[in-house]
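Asks: Below are the chains, spelled out letter by letter.
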Amino acid sequence: MSTQTSLKTSEKPLGRDELAQLVARDIVPGSFVNLGIGQPTLVSNYLTEEQNITLHTENGMLGMGPAAEGDEIDGDLINAGKIPVTELPGASYFHHADSFAIMRGGHLDICVLGAFQVSATGDLANWHTGAPDAIPAVGGAMDLATGAKDVFVMMTLLTREGVSKLVEQCTYPLTGVGCVTRVYTDKAVFLTGPDGVTVRETFGCTFDEIQELVPLPLKAGA
Amino acid sequence: MLNFIDTVGEAVAGIKDGSTVMIGGFGNAGQPFELIDALMDCGAKDLTVVNNNAGQGDQGLALLIKEGRVRKMICSFPRQSDSWHFDAKFHAGEIELELVPQGNLAERIRAAGAGIGGFFTPTGYGTTLAEGKETRIIDGRGQVFETPIHADVALIKALKADGNGNLVYRKTARNFGPIMAAAAKHTIVQVSEIVPTGSLDPENVVTPGIYVNSVVRVDSAGTKEKVA
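Those protein sequence lines, which keep their order, are chains A and B.
For the first sequence, the numbering used here assigns the number 1 to the initial residue and increments by one for each residue that follows.
For the second sequence, the numbering used here assigns the number 1 to the initial residue and increments by one for each residue that follows.
Calculated directly from the structure, the hints in this document are not laboratory data.
Warning: the hint list may mix true and false statements.
[Stated by the list, open to error] Computed cross-link-like contacts, BS3-like style, restricted to lysine-lysine with a CA-CA straight-line distance of at most 25 Å: (1) A/K12 / A/K219; (2) B/K160 / B/K133; (3) B/K66 / A/K82; (4) B/K160 / A/K82; (5) A/K82 / B/K16; (6) B/K133 / B/K66.
[Said to hold, decoys possible] Under 7 Å between C-beta atoms, here's a sample of chain A residues computed to sit facing chain B: (7) M61; (8) P89; (9) S92; (10) Y93.
All values derive from a computational prediction rather than experimental measurement.
All residues carry an ideal CB built from backbone N, CA and C; glycine is no exception.
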């Protein structure tokens, strides 16, 4: 599998916004989606009206609109990142247990999360570095990871030290077991599942170069 | 029994040392700042506090923690950029932390209000937060046994109460209010407005008055609720 002409390959690695655009394009029209705090929030900038996506924010709302500006800012209307947001026509509010039942009950189609590490079998580590003096904080990460039908991860493939975050087994404390279905990185998109890890497309490098970087056997897929 | 009370000080006067106190709010939305300030003034100590976070900045819950009045926090997300009072107490070993995934926190509070003795959930299975807890495989999925969180008192914020204590909330400020109101033995609500009984549409009541014990009207600054 040294030459994979079937893989789409762009000239360069993707920037954060290009990656967000790619994730947005991959979201099936009509989906109910939760975008995690940080990089995943960028995805909302690229969702189109035609896609008719309903955004969920776990503090208690469906039909969340863009960030509030100027006179729109209202202290009672915030997202999970505690950023003032707006409501779209058809929005709904509900209490916290109902909001988490939306995730935990399997009603949410997709959540997009950041990650420290993802394992070959889709284990996710994104809440705690495990450092002994760090104050642990988990929020809704475990509920999202465990409850959403599809869990997409957005991250750089490599740490600052150049080590792959896609790993055989996570060394950081787990957020969820076998929950990640896709990993969007600056260098490639990976599909994870019980059959192993498939590279869907690469950016600025070849399949073989990706395989060099990632310490687990990869398959090439279209 | 339902009481309408004139001041936040009188409303919290009965809170005893060693109580478990649920405090509503997610970030600043729905946080009953005036009731928390009154709890600060009333001197109750050795408290176990249930809240999503562990205080922010130099106000509200953060000050209770700073003053050493909180023995234990039950929360999902204590660490924030401005949680310096909690951080200091935690590193000094002066506060206990029970860290709970946010959905488990909400469901454990709900369970308490609904008389449920515990439940199994996949959230947290296989993680360090499930260590020491009973697990089962149910429908092919690993699940963890979680128990209800009861409280002596809940301090919450709503938009309006009617004469029967029925409550409506405003936007995402609703968050923990309805489930905490049901989970606590004594629920104290601060509202912006008390309206005549019969003026709330029964179809739109979010928290029925049966869950409410004390109502106090507070002019809340900083939100747009007056113009809505």
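Asks: For every hint, state whether the structure bears it out.
Replies: Status of the hints after comparison with the structure:
no., hint, verdict
1, A/K12 / A/K219, "21 Å, holds"
2, B/K160 / B/K133, "40 Å, violated"
3, B/K66 / A/K82, "23 Å, holds"
4, B/K160 / A/K82, "23 Å, holds"
5, A/K82 / B/K16, "32 Å, violated"
6, B/K133 / B/K66, "32 Å, violated"
7, M61, "6 Å, holds"
8, P89, "15 Å, violated"
9, S92, "11 Å, violated"
10, Y93, "6 Å, holds"
Of the numbered hints stated above, those contradicted by the structure are hints 2, 5, 6, 8 and 9, listed in ascending order.
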